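Peer 1: Here's the letter readout for the chains.
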Amino acid sequence: MLIEIKDLRKKYIMGEMEVEALSGVNLSIAANEFVSIMGPSGSGKSTLMNILGCLDTPTGGQYLFDSIDISSRTDDELSEIRNKKIGFIFQTFNLLPKLDALQNVELPLMYSGVDKKERRELAKKALKRLGLESRMNHKPNELSGGQRQRVAIARALVTNPEIILADEPTGNLDTKTGREIMEIFRELHQEGNTIILITHEHEIAQQANRGIIIRDGLITKDELNDQKNTLLSEEVDELK
Amino acid sequence: MQLEENVQAAFNGLKEHKFRSFLTMLGIIFGVASVIAMLSIGEGAKREAIKKYQQLGVNNIIIRDMDLSDKELENMRAKFSPGLSLKDAQAIRDIVPHVVDVAPQAEKKADIKYQDKSVKATLIGVTPSYSEILNYSADKGNFITQDHQNRQLKVCVIGIDIASKFFSIENPIGKSIKVDDQWLEVVGVLASKSLFTETVGELASRDLNSDIYIPLSTFHKRFEKEKLFSSELKQITIKLEGSQNITQIAEIVENLVDRHHFSNKDFSIVIPVELLKQEEKERRIYNILLGSIAAISLLVGGIGIMNIMLATVMERTREIGVRRAIGAKKHDILSQFITESLVLSIIGGIIGVIIGLSFSISISFFTEITTSVTLYSVLVAFLFSVIVGVTFGYLPARKAAQLSPIESIRHE
Ligand SMILES: Nc1ncnc2c1ncn2[C@@H]1O[C@H](COP(=O)(O)OP(=O)(O)O)[C@@H](O)[C@H]1O
Ligand SMILES: [Mg+2]
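Sequence lines, in order, name chains B and W. So the first sequence is numbered by the numbering used here: it starts at 1 and just counts up by one. So the second sequence is numbered by the numbering used here: it starts at 241 and just counts up by one.
Treat the hints as calculated values from the structure; they're not laboratory data. Treat the numbers as computed from the prediction; the structure is a model and nothing was measured. Treat each hint with caution, since some may be false.
Said to hold, decoys possible - Cross-link-like lysine-lysine pairs, in silico, DSS-like; alpha carbons within 27 Å at most:
| hint | chain 1 | residue 1 | chain 2 | residue 2 |
| --- | --- | --- | --- | --- |
| 1 | B | Lys116 | W | Lys570 |
| 2 | W | Lys570 | B | Lys84 |
| 3 | W | Lys349 | W | Lys415 |
| 4 | W | Lys570 | B | Lys11 |
| 5 | W | Lys570 | B | Lys117 |
| 6 | B | Lys11 | W | Lys639 |
| 7 | B | Lys98 | W | Lys639 |
| 8 | B | Lys84 | B | Lys116 |
| 9 | W | Lys380 | W | Lys360 |
| 10 | W | Lys258 | B | Lys98 |
| 11 | W | Lys349 | W | Lys505 |
| 12 | W | Lys255 | B | Lys139 |
| 13 | B | Lys139 | W | Lys258 |
| 14 | W | Lys570 | B | Lys85 |
| 15 | W | Lys570 | B | Lys98 |
Claimed, not checked - Calculated Cβ distances over 12 Å to all of chain W for the following chain B residues:
| hint | residue |
| --- | --- |
| 16 | Asp7 |
| 17 | Ser67 |
| 18 | Asp226 |
Positions of the beta carbon are idealized from the N, C-alpha and C atoms, including for glycine.
Chain W on its own, in the form it takes in the complex:
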């Protein structure tokens, strides 16, 4: 019943002491703004990471042939390891449980020419399963088909950057380009893929939009190996039914390949979903740190409120006495002053939310950092400011309520 009056009185007080109230709220404003900004940076990093690992496939296990020198490769072959091979891929598909499909791929650096233009690119030999397992699709034309693979056709699918470099306005489909010493017909252009900016395991960071894909059979038949002892495959991507038991399945895969390679450690296994989890764990620590800094500024804001409320109570001792004399109970006085600090902290909270939002938007606009504001983070920050208001308003309010009626009414 008094809530309306209390809120009204709090607003009147605020209007009367605009500057003082603003200074009081400053701590809360910065606290809330930094909570929102920091949570948005954390959330942005999380989304980036998820996107990155989704690109690698959350249900996938990736085996990479290790990058070795000629000397090391020779050594491996001497110790009977054939390197990563189609036999490995076949065995994984046939033996390992929960495997949906495997995508073997071979790679090499190649020179690509069209008319007078030339670029260096990664030539990748793939089977049709590649597009489904790694979520690759052609933007124009088709991806590598079973027919291309079976007939070892001299066709290729090019990344969007190569397409735009070679064929600015022309339609690339049906054109022939020269890869090393082979002429290949362009049958498709890939949809744009985001840059792979970090090295993950043996997966080097690179611009996926400059790759060129050909049938694996064509790769083996038409192109020379990069090195004399290069393995048959550079990578096998294994798609599982789900991400449960992924580490156990990866272990089975590892044992299997290890046996084929006579225990020569010339390959590595990357589990994107595991890396994602690990990164999340690291980020959590970082987030806690950021959160604590924000929490401290909220705390300082709360102390600011407490300080000003204590001064207010002193200033208004007489008023408290009058209210008590005409019948206000202790809890009436208590709720009056708590409402006042709550109004301060809520207004501070609202201003803080607005500043925090604009801050996160500016961060992602002016820097490379991705930010993402969630409703949850806004609610958390706001809730915190309310809690701070109640907690730090309580002590001064209690002090006001405990004043003796007669002494406060005599107070000058």
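Chain B on its own, in the form it takes in the complex:
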């Protein structure tokens, strides 16, 4: 298993108030799965994703990534895992505004110590893969939302990570652009990538192979999507 989670808990303490964002999550994800996570706002989806991405630490339970116990890792080791094994994609893109597309995509490689020439080559390749060869020297504010998200995907892919985590990647995009981005995720999955994707759109969740639903910090549903179902929804789309 690539990811194994047992009784994962996350409690936020804000003054007198305690909020339990995750109250005992159990989850296993194997390589090359395409998992969608759905759930109402505030149910703990992002909290779970941030812990999976080693950005945040749980307050209870166990998280094994690649059979490594994450809770026993140092800050530097976590940085390295984030750098080499995880590709994070955010709803708000989180590109650095002062760097152009190419520099943004090069950034993770810089932190893993790849030399400048190779870094440039790999970043160009990733951007080309996402159809952005003509936009490489544009700053984020010179790009459309869809293009920005493609740059962010290129940045997540450039290190060839073991898992891609996307927290509502289409949340800030119009339906058409969102669909294009989803198409990219499907291709990436077909190429053998492992993907976990948060969404609150049923239609988008349907495109994954496995659907998880979270309510109040607990997994309430976790089942494989019917292939026919998926196809059906696509046909429905096309009919629209």
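With chain B held as given, fit chain W with the ligands onto it using these hints.
Peer 2: Here is chain W with the ligands on its own, set in the frame of chain B:
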């Protein structure tokens, strides 16, 4: 590997916030400029002092006959002191160890005339050793020779100011001038000597270029004493092999002369090298004071950098979060922000060096103060600005590095 990117990013930030960066650097600029200006003033004063005492001779001991009134002189003679004399000079040369040579000299004020021009000058009777011991050389003609001295010739060597006053375009050599009631032939003109602007011991400050030199023998034979009981000599300059043990040798000299003068304190001893050391000591305190003032402005500059860097870190929390999310380690963030403050302080340092240099040059150009910029002072000032950059950049950079990845990426 990230240095290039970090420096590049720092420069981009600088370009983006030109005015803010300039204000931030101002403290460093003034700090460095004042360090350089102050060090250059200190160095200039030091060189002036060295020049002054070199003129007196760093291996020399000078004995001066005290300036006394007629009454006091009479008193001294009554108590058997002969005053400074050739006998003293002879004894010093014969008895005191490490003495290379002595130069006895007699002095008096005299009226000098040539054609219709006349000036008042100091007439100085010297032996040929004088030129070597005090580094005097003739610019035209010769200095006083042994032959002049032996034959008590009526010759003189004149200072350059007298030469130019009396003989504007004429060649002074071979001309006769009248000193008091004696006619003397000019045999040489001295090379220019810098003004002696300060009184050192019994050595009164005066314009050495208006002196007139004659053989000591001629002085004693042809000229009346200034006062009835004036001593035979006004000064004996003693040249030693080196400046080691100079104070001990001076003590021996003092005891010797004291004995000859029956313990009448009618002379004083000046050791140029000792005075130089003492002056250096006084100047050091002054330099430390000036240096502290400059250091404080550098410190204030450093605090300015720290302040702006703290604001920058706050402003860029989100960026820090993104960098951490894609794999930047704490020390990557740390070095990024330290590089940034370093770039600020180095640029400030460079501008400060330029301003400091122009400042020191202007000071010596527009005022009487001599300044001297040394490479060392530039390096010190620059190094200081770098140290300030690292030290005061460290705290904000550490703060940036310590931010939690998740909280900073959520930061609005
Ligand atoms: N940093 C935080 N401090 C306090 N409470 C938080 C924090 N982050 C999330 N929460 C709370 O945890 C719960 C889950 O949040 P989140 O995981 O962001 O939900 P989702 O992504 O499903 O909308 C919410 O009630 C939210 O208010
Ligand atoms: Mg969320």
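Peer 1: The structure should be examined with respect to each hint, and the outcome stated for every one.
Peer 2: Okay, the hints, checked on the actual structure:
Pair hint lysine 116 of chain B plus lysine 570 of chain W holds up; C-alpha atoms about 21 Å apart against a cutoff of 27 Å. At roughly 16 Å between alpha-carbon atoms, lysine 570 of chain W and lysine 84 of chain B fall within 27 Å of each other, so this suggested pair holds. Of the supplied pair hints, the one linking lysine 349 of chain W and lysine 415 of chain W holds, its CA atoms being roughly 21 Å apart against a limit of 27 Å. At roughly 25 Å between alpha-carbon atoms, lysine 570 of chain W and lysine 11 of chain B fall within 27 Å of each other, so this suggested pair holds.
The suggested pairing of lysine 570 of chain W with lysine 117 of chain B holds, with an alpha-carbon distance near 25 Å, which does not exceed 27 Å. Among the hinted pairs, lysine 11 of chain B with lysine 639 of chain W is consistent with the structure: their alpha-carbon atoms are about 25 Å apart, no more than 27 Å. Restraint check for lysine 98 of chain B and lysine 639 of chain W: the C-alpha separation of about 22 Å stays at or below 27 Å, so the hint holds. For the proposed pair lysine 84 of chain B and lysine 116 of chain B, the alpha carbon gap of about 17 Å is at most 27 Å, so the pair holds.
Note on lysine 380 of chain W and lysine 360 of chain W: the hinted pairing holds, with a Cα-Cα distance of about 22 Å set against a maximum of 27 Å. The suggested pairing of lysine 258 of chain W with lysine 98 of chain B holds, with an alpha-carbon distance near 16 Å, which does not exceed 27 Å. A hinted pair counts as satisfied when its Cα atoms are at most 27 Å apart, and lysine 349 of chain W with lysine 505 of chain W qualifies at roughly 24 Å. For the hint linking lysine 255 of chain W to lysine 139 of chain B, the alpha-carbon distance of about 17 Å falls within 27 Å, and the restraint holds.
A C-alpha spacing of about 21 Å is found between lysine 139 of chain B and lysine 258 of chain W, which places the hinted pair at or below 27 Å, so the restraint holds. Note on lysine 570 of chain W and lysine 85 of chain B: the hinted pairing holds, with a Cα-Cα distance of about 18 Å set against a maximum of 27 Å. At most 27 Å may separate the alpha-carbon atoms for a hinted pair to count; lysine 570 of chain W and lysine 98 of chain B meet this at roughly 21 Å. For aspartate 7 of chain B, the non-interface assignment is confirmed: its Cβ lies about 21 Å from the closest Cβ of chain W, beyond the 12 Å cut-off.
Remark: the non-interface label on serine 67 of chain B is consistent with the geometry, its nearest Cβ contact in chain W lying 21 Å away (cut-off 12 Å). Against the 12 Å criterion, aspartate 226 of chain B stays outside the reach of chain W, whose nearest CB is about 35 Å from its own CB.
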